[in-house]
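> Now for the letters of each chain:
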Amino acid sequence: MNLVDWLVLLGTMVGIAGYGAWRTRHTDHLDTYLKGSKTTGWFTIGLSVAATQASAITFLSIPGQGFESGIGFVQNYFGLPLALIIVCAVFLPIYRKLGVYTAYEYLGKRFDQKTRLLGAGLFLLQRGLAAGVTIYAPAIILSSVLGWRLDLTIIGAGLLVIVYTVTGGSVAVSLTQKWQMLVIFAGMIAAFFIVLARLPAGLGFSGAAHLAGALGKLEAVDFSLDPSHRYTLWSGLIGGLFLSLSYFGTDQSQVQRYIGGASLREGRLGLMFNAVLKIPMQFFILLLGALVFVFYQFQPAPVFYNEAEWARHTNGPQGATFRALEEKHAALHAAKQQRIAAWQVARTSGDTGAEQAARTALLAAQKATDDVRTEARSALLAADPRAKTKDSDYVFIGFIVRQLPHGLVGLLVAVMIAAALGSKASELNALGATTTIDLWRHFRPLAEHDEARNVRAAKWFTAGWGIFAIGFALFAGFAENLIEAINILGSIFYGVVLGLFLTAFFLKRIGGTAVFWGAVAAQALVFVLFFTLNISYLWYNLIGCAACMIFALVLQAMLSPQSKPATS
Amino acid sequence: MKPEPDDESPGLPGFRTWRGVYWFVLGCFVLVVIGLTLFSRAFA
Numbered sequence: 075m076n077l078v079d080w081l082v083l084l085g086t087m088v089g090i091a092g093y094g095a096w097r098t099r100h101t102d103h104l105d106t107y108l109k110g111s112k113t114t115g116w117f118t119i120g121l122s123v124a125a126t127q128a129s130a131i132t133f134l135s136i137p138g139q140g141f142e143s144g145i146g147f148v149q150n151y152f153g154l155p156l157a158l159i160i161v162c163a164v165f166l167p168i169y170r171k172l173g174v175y176t177a178y179e180y181l182g183k184r185f186d187q188k189t190r191l192l193g194a195g196l197f198l199l200q201r202g203l204a205a206g207v208t209i210y211a212p213a214i215i216l217s218s219v220l221g222w223r224l225d226l227t228i229i230g231a232g233l234l235v236i237v238y239t240v241t242g243g244s245v246a247v248s249l250t251q252k253w254q255m256l257v258i259f260a261g262m263i264a265a266f267f268i269v270l271a272r273l274p275a276g277l278g279f280s281g282a283a284h285l286a287g288a289l290g291k292l293e294a295v296d297f298s299l300d301p302s303h304r305y306t307l308w309s310g311l312i313g314g315l316f317l318s319l320s321y322f323g324t325d326q327s328q329v330q331r332y333i334g335g336a337s338l339r340e341g342r343l344g345l346m347f348n349a350v351l352k353i354p355m356q357f358f359i360l361l362l363g364a365l366v367f368v369f370y371q372f373q374p375a376p377v378f379y380n381e382a383e384w385a386r387h388t389n390g391p392q393g394a395t396f397r398a399l400e401e402k403h404a405a406l407h408a409a410k411q412q413r414i415a416a417w418q419v420a421r422t423s424g425d426t427g428a429e430q431a432a433r434t435a436l437l438a439a440q441k442a443t444d445d446v447r448t449e450a451r452s453a454l455l456a457a458d459p460r461a462k463t464k465d466s467d468y469v470f471i472g473f474i475v476r477q478l479p480h481g482l483v484g485l486l487v488a489v490m491i492a493a494a495l496g497s498k499a500s501e502l503n504a505l506g507a508t509t510t511i512d513l514w515r516h517f518r519p520l521a522e523h524d525e526a527r528n529v530r531a532a533k534w535f536t537a538g539w540g541i542f543a544i545g546f547a548l549f550a551g552f553a554e555n556l557i558e559a560i561n562i563l564g565s566i567f568y569g570v571v572l573g574l575f576l577t578a579f580f581l582k583r584i585g586g587t588a589v590f591w592g593a594v595a596a597q598a599l600v601f602v603l604f605f606t607l608n609i610s611y612l613w614y615n616l617i618g619c620a621a622c623m624i625f626a627l628v629l630q631a632m633l634s635p636q637s638k639p640a641t642s
Numbered sequence: 003m004k005p006e007p008d009d010e011s012p013g014l015p016g017f018r019t020w021r022g023v024y025w026f027v028l029g030c031f032v033l034v035v036i037g038l039t040l041f042s043r044a045f046a
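Residue numbers (our numbering), protein chains in the order written: chain V, 75 to 642; chain U, 3 to 46.
What the hints contain is simulated information worked out from the structure, not anything from laboratory work. All values derive from a computational prediction rather than experimental measurement. Be a bit skeptical, because a hint or two may be false.
[Said to hold, decoys possible] Examples of chain U residues lying across from chain V (beta carbon under 10 Å, computed):
1. 16
2. 23
3. 31
4. 38
5. 39
6. 41
7. 42
Beta carbons: idealized from backbone N, C-alpha and C, even for Gly.
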């Protein structure tokens, strides 16, 4: 990065954060601080919801996913539009009607205080644990590729987000997220056209798409019922529906984005905006990754895309092994380029048989290079069992740094940091709100009517969670598998929390005691199944939710008739 | 507990109820899935 890149990066990031903090510096009403401005329109709500979901990892990992496995990952989002329609029709009107600050406050009104504390506790546990990861995961990648100090990257990004989130609360989060999302859209569209421009002359989008398709990168929809297929239409629709319903309907970091706003209509339109936008947006990001894959077919490609990690080993005691792998990969890559040229000639000739034969040869060449990449990962692990072998997250950022002109490099790094700040801000805002409303006020009921004291408490809790997140990211010493474990842990809790809410909405005869113990039993069951079964973690959303509702029904039937039923 | 009644018009041209908006969004989703399937077939 040169001076121009730094100016673009700091100008956009500090500018947006400073603008957000300055515009919202007089936020002193609890309602505005926790739910956002009463004049917020659907467009800001919609972008805020999108920015909360799109973390930096979205823009680092998803192009890498398109590069590595193709665009089939888009199916994971197929349940999202259906979930958002349910949230619009059922969840949002209830939250607004009751005027709650947090989703868990509703559980207290519908059931009892212990169920509210259970819901809030599960959220705080899950989000609190993830708090460090949302800063650490992008910081480790950016610092590795750009040569920044990891601790300064974490502290810099963390403090920036704390300043405006604490100053202006929810209203500052929405305001800054709107501009951050606009930077993200501009950056990703620019990157798309740069990738196209960097492809060999005459190839164009159509030629690139045909090549990506021939190499199996453009299979977007898989109708297979085979459970061994990782991404299918059905797993996306069913698993994705429950995951999205839990996330958008019950996770305070999302609920807080849409319960405020000018009216119910604005919240609904903001959510519907996401229902229409999300799948095309994810498709576009995955397609970008597939085009970067095509780009590297015509360029010298690294055997391992986390080049800092690779260089550490090529310069180490076993450097000869790694250099031999590099040479082997380069030779196979050159042979593949010849196969690509042969396939292109066969395709344009119109001879179907020749095209098929050339494609088979091309796929064999692709497999040979993939095998060397697998060999390289094994060599890394053999040399250092703690080596980070997942390099797909480094593909897109590596492309940005090496291929984009100065200025655009700064803009695309700003995209990554904007995404990190946007999702982090929602998380801190939600953690602060839940701690204040569901815990602090629960134990200090007399403080409820002192608005200034409530706002001060919310600011302190938000800042506290921010400092905890920075500390966790700095000192926890995350391993790659720990990050994944924390993400999976989130999915393990989501199902039961969704079960609590669906019971509240649809099982009107269930009382607080039955649903509370039903949820505790369901969570225990999910933990047991997690350690004994080998199924995709997406399914725990469905299992946890169903178990919670069934256990609550059974317990309610067993409890005495004097047990408190639903009040409405 | 019942959801708040749909007393608010979506205020979008061509839509008188929220139910119409939801059907429209669902229709868009189906079209996107069909579009993605055709895209895959065209370049596979």
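> Look at each hint and say if it fits the structure.
Here's how the hints hold up against the structure:
1. The beta carbon of residue 16/U comes no nearer than 14 Å to any beta carbon in chain V, farther than 10 Å, and the hint placing it at the interface is violated.
2. A least Cβ separation of about 6 Å between residue 23/U and chain V falls short of the 10 Å threshold, and the interface hint therefore holds.
3. Proximity of residue 31/U to chain V holds as hinted, the smallest CB-CB distance being about 4 Å (cut-off 10 Å).
4. The interface hint given for residue 38/U is met, as the beta carbon of that residue sits about 4 Å from the closest beta carbon of chain V, less than 10 Å.
5. The interface hint given for residue 39/U is met, as the beta carbon of that residue sits about 5 Å from the closest beta carbon of chain V, less than 10 Å.
6. The criterion of a C-beta within 10 Å of any C-beta in chain V is met by residue 41/U, whose closest approach is roughly 6 Å, and the hint holds.
7. The interface hint given for residue 42/U is met, as the beta carbon of that residue sits about 5 Å from the closest beta carbon of chain V, less than 10 Å.
Comparing the model with each earlier hint shows a violation of hint 1 alone; every other hint is respected.
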